[in-house]
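Peer 1: Given next are the chains, with one letter for each unit.
There are 2 protein chains.
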Amino acid sequence: MITVEEAQTRIIESLAAHLPSTETLSLADVLDRVLAESICSDLDIPPFDNSAMDGYAVRSDVFASRTAEYPIRLKVVGTSAAGHPISARGISPVQCYRIMTGAPVPEDADAVVQSEWTQLDPEEKDVIWVSRPVPKGLNIRRQGSDISNGSAVLAPGTRITPAIIGILATLGKSRVTVYQKPLVAIISTGDELIDPDQTPMPGQIRNSNAYALHAAVCKAGGHPIIIPHAPDHLATIIARLDQASQYDLILSSGGVSVGDFDFVKQALDANGTQAFWRVNMKPGKPVTFGHYRHTAIFGLPGNPVSALVTFELFVRPFIRQWQGDTQWARMVVPLPLLDDFEEISDRRHYVRCQIRTQDGVVGVTANPDQGSAIQTSWLAAGGLMVIPENQGPWKKGSLVPVMLLH
Amino acid sequence: MITVEEAQTRIIESLAAHLPSTETLSLADVLDRVLAESICSDLDIPPFDNSAMDGYAVRSDVFASRTAEYPIRLKVVGTSAAGHPISARGISPVQCYRIMTGAPVPEDADAVVQSEWTQLDPEEKDVIWVSRPVPKGLNIRRQGSDISNGSAVLAPGTRITPAIIGILATLGKSRVTVYQKPLVAIISTGDELIDPDQTPMPGQIRNSNAYALHAAVCKAGGHPIIIPHAPDHLATIIARLDQASQYDLILSSGGVSVGDFDFVKQALDANGTQAFWRVNMKPGKPVTFGHYRHTAIFGLPGNPVSALVTFELFVRPFIRQWQGDTQWARMVVPLPLLDDFEEISDRRHYVRCQIRTQDGVVGVTANPDQGSAIQTSWLAAGGLMVIPENQGPWKKGSLVPVMLLH
Chain G
419 MITVEEAQTR
429 IIESLAAHLP
439 STETLSLADV
449 LDRVLAESIC
459 SDLDIPPFDN
469 SAMDGYAVRS
479 DVFASRTAEY
489 PIRLKVVGTS
499 AAGHPISARG
509 ISPVQCYRIM
519 TGAPVPEDAD
529 AVVQSEWTQL
539 DPEEKDVIWV
549 SRPVPKGLNI
559 RRQGSDISNG
569 SAVLAPGTRI
579 TPAIIGILAT
589 LGKSRVTVYQ
599 KPLVAIISTG
609 DELIDPDQTP
619 MPGQIRNSNA
629 YALHAAVCKA
639 GGHPIIIPHA
649 PDHLATIIAR
659 LDQASQYDLI
669 LSSGGVSVGD
679 FDFVKQALDA
689 NGTQAFWRVN
699 MKPGKPVTFG
709 HYRHTAIFGL
719 PGNPVSALVT
729 FELFVRPFIR
739 QWQGDTQWAR
749 MVVPLPLLDD
759 FEEISDRRHY
769 VRCQIRTQDG
779 VVGVTANPDQ
789 GSAIQTSWLA
799 AGGLMVIPEN
809 QGPWKKGSLV
819 PVMLLH
Chain X
419 MITVEEAQTR
429 IIESLAAHLP
439 STETLSLADV
449 LDRVLAESIC
459 SDLDIPPFDN
469 SAMDGYAVRS
479 DVFASRTAEY
489 PIRLKVVGTS
499 AAGHPISARG
509 ISPVQCYRIM
519 TGAPVPEDAD
529 AVVQSEWTQL
539 DPEEKDVIWV
549 SRPVPKGLNI
559 RRQGSDISNG
569 SAVLAPGTRI
579 TPAIIGILAT
589 LGKSRVTVYQ
599 KPLVAIISTG
609 DELIDPDQTP
619 MPGQIRNSNA
629 YALHAAVCKA
639 GGHPIIIPHA
649 PDHLATIIAR
659 LDQASQYDLI
669 LSSGGVSVGD
679 FDFVKQALDA
689 NGTQAFWRVN
699 MKPGKPVTFG
709 HYRHTAIFGL
719 PGNPVSALVT
729 FELFVRPFIR
739 QWQGDTQWAR
749 MVVPLPLLDD
759 FEEISDRRHY
769 VRCQIRTQDG
779 VVGVTANPDQ
789 GSAIQTSWLA
799 AGGLMVIPEN
809 QGPWKKGSLV
819 PVMLLH
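Respectively, the protein sequence lines represent chains G and X. The first sequence begins at 419 in the numbering used here and counts up by one. The second sequence begins at 419 in the numbering used here and counts up by one.
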């Protein structure tokens with residue numbers, strides 16, 4: 419059996435020659451997509467010196483003088499409001515402009531004094547008194563201080579967040595080229611499975627993997643397609659896999675163990691190649707990865723918990739890397755155990771856990787029943803504790819790595 | 419000025435009398451929505467005792483005997499495969515059933531021995547030899563061990579994850595009642611703003627807030643509607659706000675500072691009520707919350723960075739609580755500083771930061787330029803360090819609370 423890391427390496431290697439296709443979409447449609455173009459700026463941001471405050475644009479040399487006596491009297495000779503270009507007329511040392519947040523700084527002015535530091539003259543119109551020194555540059559956002567004209571701002575492979583959408587809008591990118599989402603065919607197998615809207619007969623259970631995996635693919639950024647469920651019959655499973663192989667990735671669940679009825683593995687033996695079968699992890703050991711004809715395929719365990727754990731560890735990274743995402747890994751943070759964790763396993767153990775604050779400390783506690791058939795142990799699970807092979811027991815307070823899921 | 423906590427409390431209080439509407443959707447459409455019904459189970463899960471392994475179903479009393487000699491010989495009298503009900507015929511102590519993962523356990527059998535512990539007899543058909551004792555209950559998933567018939571499984575207010583979709587499918591909930599998403603009207607104001615596909619004239623900038631907030635509302639689970647941009651003109655802003663007030667929430671950006679052109683605040687003074695204006699935080703101090711006519715409104719600062727920080731702290735919690743989500747808060751975890759953080763502020767400081775591994779330790783480092791006009795400081799920001807008022811300087815290695823953003 420190979421390690422989780424070795425399995426992940428083989429998955430990454432399988433994508434080495436993959437060139438994702440691109441599509442160009444409106445800015446409103448690219449949230450969470452992966453950028454496929456380099457974004458350079460063809461203007462300075464801010465495009466002009468502007469005020470960070472409501473106040474008065476002044477010449478700082480007036481305040482730099484050693485002989486200055488406070489308050490200093492200034493004459494307001496104009497107003498600069500955002501969106502309104504100001505005349506080229508400069509100001510003298512005894513003059514200032516009323517200026518609004520975001521408005522252009524007038525010629526000759528090199529600082530903005532906020533309104534709170536000034537008083538209007540009680541009698542003389544358009545005269546203010548400034549109560550303290552105003553250093554050069556105060557409250558001025560310099561042209562190009564955020565982004566300079568010609569600079570590279572975003573690289574291909576960047577996942578697009580709301581803040582990045584703001585930057586793209588600022589740079590005038592109303593249409594953006596992103597990598598396409600992979601089309602992911604989902605096949606579940608097993609004579610025992612019925613659809614959720616059917617009533618189980620003795621020996622039957624409802625198909626939950628197809629729907630849970632559909633949702634997991636959506637969350638991971640893929641486009642899921644549910645293929646009709648396949649009974650335990652080799653020819654039917656091959657027909658379903660042939661249908662699924664027109665898409666970018668096949669996810670099957672069930673049929674990859676060692677039993678007489680594990681036909682997915684048999685179909686893969688007949689018409690595909692395996693990069694790995696069985697990984698030294700718990701739950702999820704029988705996970706398989708390879709190619710069915712020329713399409714990448716994950717054979718996930720039929721067990722609902724194992725299917726989602728192996729999805730997190732292998733399928734989600736595949737889906738994100740397939741579309742060029744450079745930040746494909748879930749965040750793993752060390753958190754203190756809020757209770758002892760006694761169990762030691764010879765397999766890497768991914769433990770469904772809750773992250774919560776106790777006595778002012780954020781920590782982690784294992785959900786009670788870690789059985790791989792216990793779907794409800796996912797409830798309130800905010801992460802997976804990653805317990806290394808053959809290590810433990812872990813005492814309350816020990817730091818353990820936790821993969822954050824949401 | 420009020421504190422961030424006081425502001426959040428006033429927002430929560432404003433929702434005290436709010437009863438979210440519901441809608442019933444197909445299981446494939448409820449990912450990330452908030453459950454509006456109690457989900458009880460009308461069957462045991464698993465619905466019958468079944469095998470966790472491929473192997474042989476046996477009677478454990480054979481192995482419990484002190485006089486048992488290994489290997490023990492058993493006759494295979496049948497096969498239990500998933501999805502196929504088995505005959506009621508039981509087994510004697512010298513008999514067993516071949517059994518597949520997930521298949522029903524035959525009557526009288528009370529343990530499953532995995533194939534690895536057995537050997538087929540080399541000559542006699544349908545005879546196996548078991549090499550070691552098999553304790554009662556081994557490899558059997560008991561009926562009802564995950565969910566028992568009649569039990570309450572999910573409560574209203576639960577956000578629906580892929581794992582929960584799996585549980586809903588298992589319980590036969592092919593249609594699910596969820597709370598409606600709030601319709602969120604987005605208004606940006608300012609004479610300086612142009613659309614992203616336009617070329618700025620002197621003094622103009624492209625409107626980024628409308629698009630960044632559109633994306634942020636989507637991520638938070640709301641349904642955004644962009645209202646045409648409003649210039650700095652009181653009557654127009656009132657007309658836009660009147661249009662926006664037909665929706666569930668108004669988000670405006672800009673126009674809430676103290677300048678002569680801050681018409682959103684004037685419109686709110688005329689036609690609304692304010693729950694707060696100005697919060698002791700940085701960036702984002704001028705944030706406003708209240709009601710315009712009868713519709714909740716956030717007046718966010720015009721500054722793109724301030725707009726998104728105040729969105730995270732106030733608007734996202736509002737949108738999630740509006741639709742009944744009981745887990746509305748972002749996760750905050752303590753992480754060690756990878757560099758000194760010297761700055762001390764009299765306002766609560768939300769510092770855009772990167773979370774990364776250095777020398778094997780996951781830690782946090784502030785992005786270089788925290789200016790509120792520096793949109794690019796959001797790039798690669800995985801969180802916001804929450805630096806308390808009047809505290810610091812913070813040394814490398816100190817634990818600081820970090821709000822995780824993704």
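It should be emphasised that the hints constitute simulated quantities derived from the structure, not laboratory data. Be aware that a few hints might be false.
Pair by pair, the computed Cβ-Cβ distance ranges are [said to hold, decoys possible]:
| no. | chain 1 | residue 1 | chain 2 | residue 2 | range |
| --- | --- | --- | --- | --- | --- |
| 1 | X | Glu807 | G | Gly568 | 33 to 43 Å |
| 2 | X | Leu538 | G | Gln809 | 48 to 58 Å |
| 3 | G | Arg428 | X | Arg484 | 17 to 27 Å |
| 4 | X | Asp544 | G | Ala434 | 43 to 53 Å |
We treat Cβ as the ideally placed atom computed from N, Cα and C, and that holds for glycine.
Peer 1: Taking the numbered hints from earlier one at a time, note which ones the structure violates and give those numbers from smallest to largest.
Peer 2: Violated hints: 2 and 3; rest satisfied.
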